[in-house]
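Chemist: Input sequences plus hints: build the corresponding full structure.
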Amino acid sequence: MGKMVKIALAGEGGQGVQSVAQIIAEAANEEGREALYIPNFGVEQRGGVSVAYLQIGDEPIGAPKFQTADIVVALSDRAVRRTNQYVGPETVFVYDNGIENIEEDLPKNAKKVLGIPAIEVSKKELHPRVFNIIIMGAVIKATEVVAVEDAKAAIEKKLGYKFEKNPKLREMNFRAIERGMELVASVM
Amino acid sequence: MPEKPIQGEKRAFMTGNEVVAWAALAAGAEIMYGYPITPQNEIMHYWTRMVPKYDRRFLQTEDELSAGFTTVGGVLAGKRAFTATAGPGNTLMQEPLSMAEAMRLPVVVVVQQRGGPSTATVIYSQQEVTMTTLGGNGEGLRVVYSTATHQELFDYTIKAFNTAWKYRFPTFVLGDGYQAKMRESLVLYDPQTRGIEMVPTEPYVGKPGLPGTDRPPTHMRNTYNVEEELYEVLEQYLADYAKAAPQIAEYDAFDTEDADLVIVSHGVVSRACKAAVKELREAGYKVGYFRPITLRPLPVDQLRETAGKCKQMMVVESANGQLDRLVKEAIFGSTVEMLSLFKPGVGITSEEVVSRVKEIKG
Amino acid sequence: MSVQPAMPKCWRIESKPHKFCPGCGHGLVLKALGQAIDELGIQDKIVFGCDIGCSLLSWDFFNCDTIQTHHGRTTPVVTGIKRANPDVIAVAYMGDGGGYAIGSQHLVNASARNERITAILVNNTQYGMTGGQMAPTTMPGQKTETSPYGRDPEKTGYPTQGPEMVAAITPEGAYVARGTVANVKQLKGFIKKALENQIAGNGFSFVEALSTCPTNWRTNAEETWNFVEKEMTKYFKVGEIKVPGPREKEGQ
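Chains as they are written, first to last, in our numbering: chain E, 1 to 188; chain D, 1001 to 1362; chain C, 2001 to 2252.
Read the hints as simulated data drawn from the structure, not as lab findings. All C-beta atoms, glycine included, are put in the ideal place defined by N, C-alpha and C. Treat the hints with caution; some may be incorrect.
[To be verified] Okay, the calculated bits of chain E under chain D, using three or more residues with CB under 8 Å as the criterion:
id, segment
1, 28-40
2, 130-139
[Unchecked claim] Far from chain E, some chain D residues (derived; all Cβ distances over 12 Å):
id, residue
3, 1006
4, 1054
5, 1180
6, 1196
7, 1268
8, 1284
Modeler: Structure representation (structure tokens):
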């Protein structure tokens, strides 16, 4: 608890950054905290990088967008370049280290730059469809904005109808969130 | 009788467009007319999903001219009718709203501002202030609420229906793309549980009885034969508006008493300004916060009083001085130094406001 | 003040004599409408919307609830009223400019949606109120203020065939006819059927009335009647164009 956390999540369309931001925001709201999530949308998003802006705190939240994030998560080469603008000296920058040819573009001024093999883990250990849930785990670990139980409850709320039909899916999602947390813990 | 859409109160976490749809339902709006335009579309999406359950109606029209004029028709039939639009759609909407002004029709319009001029962006701006407050070929006989939070979007959408039907001036809720698309928490409520009575509606046309025998026919026009005839009507309207203005005008302010510099902003930008003023106060800067909630009519007396006490006023807006012009007109004659932070079509963060003030104050 | 004995019951005596120019066809169309309203006994149900242009002069014409709207916007206003209160019988009254030019998108879409309203469009081949400019309905070769050498179809197209268009784009249930002030009895019959079609809830109903404008045509009585009866009917065929029911009835 305490200070407001500002998070920018960016990826390609279909990588699921918007649903990750929304689930975390809803989990924080369920905890009774203040949360504000805004996507980019429309022409800006079509064929461009999908960016989710998320703020969580205990006081009413100010402007919906911000200049500098506490944590930036970038999931593609374009996302890495697009999100450089949100990085400051206090920013933790998380990217997928499976993205090729981005060494040059990684921010130089960040507090920490953490590469995690989320894409690889999703493909080899779990399933590509839970890639974004691994990212969600990573965000939760890096920011501690919501408790993991509440994150799981928010996933349950959003995907429960699918889990009813296929309980294995629940297991896989919850495993994904834990793996995401482990990935960040190992590099922090 | 269908059940009430909201029983008592409940905390919710949703987009602003969804908030508007819930507010219109809670306010007892009976029919929405609309035409798709980003970023207001989801108001129609949520409304159309809920209308069968709560026995409401919807018509998708061929354009915003038609959306506005059918809404005028809905009001003439005596219904709480509304529409929603943005940007170029708001431009077209000015024609029907001009007729609503001319006939004192309580039309409610929700505007989610997007970038301008022209198609510009579908994202966000505060560039529809001039048009929404003073659009059409008339005198701006309308009410404009500029909201900043989802709670206000809910509160003022409900209030807009009551203001419109009480004073019989078309009423706008001026949001923006950020408010439309972002998610945050608010409390939804049944207005009655908060002691809010919805102002009753009444039909202008289609009333009972044989016109000309049992009652006079309704004959409404917006065309006059001679100048004097129009002038007489307008004098009455303007007098009514002037009388209602102080009752309608709303604002929010803090730390203005001893402030050297007062930051004036509206809508979503005021969130950044509020945070900035708090931060600057903590850092020892004598700054204050003033936010008109109604952009039309403006809280003129309070603005003038504030301008009379401080040395500088800084207008901050996501437009090139549209609020600034309104403020300057309101405080005309004041010697306060006017400063600005204008970013047309772009969001403004509290960091930017803070650094601008520090730049000025050193 | 001389009031004709044949004045329909639903006309408002206080606003008569009406304000249309001598020889104008509007009075005859409104007479046909008034008679149809009387015969159907629906004066208390009518909501009459009139456009801008000469049609606006009918804003206090009837002892019926009346809304005078904007140029071209009568169709959506009346649509909005009918959608909000289906118990009324809604009439949109407009000229050719209002219906076929500035308000054409509204006419097209109200037709396509089969709005349960009745539109009556007075075709006098030009813009009367503004002083006789070319309209969508101006005849080939016809001189107007903005086609002083006669309308050249090569440059400005042919006259809009409104009822034919409406008939083509309306779903089943619509009623479409073209009458003329040269035959008020027939015109009244068309308008009456159009109103009945709305009352039955079948669909959109549309009547175009060929009309006269000696003021802007600059014609004497004989020339006026000659133009509406002989010239206009060369291009604008009078009769029912679409009636609800099986297809074979059409175009009879």
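Chemist: A separate judgement is required for each hint: does it hold in the structure or not?
Modeler: Hint check:
no., hint, in the structure
1, 28-40, "holds (count 8)"
2, 130-139, "violated (count 0)"
3, 1006, "holds (18 Å)"
4, 1054, "holds (24 Å)"
5, 1180, "violated (9 Å)"
6, 1196, "holds (23 Å)"
7, 1268, "violated (7 Å)"
8, 1284, "holds (20 Å)"
Hint compliance for this structure: hints 2, 5 and 7 are broken, all remaining hints hold.
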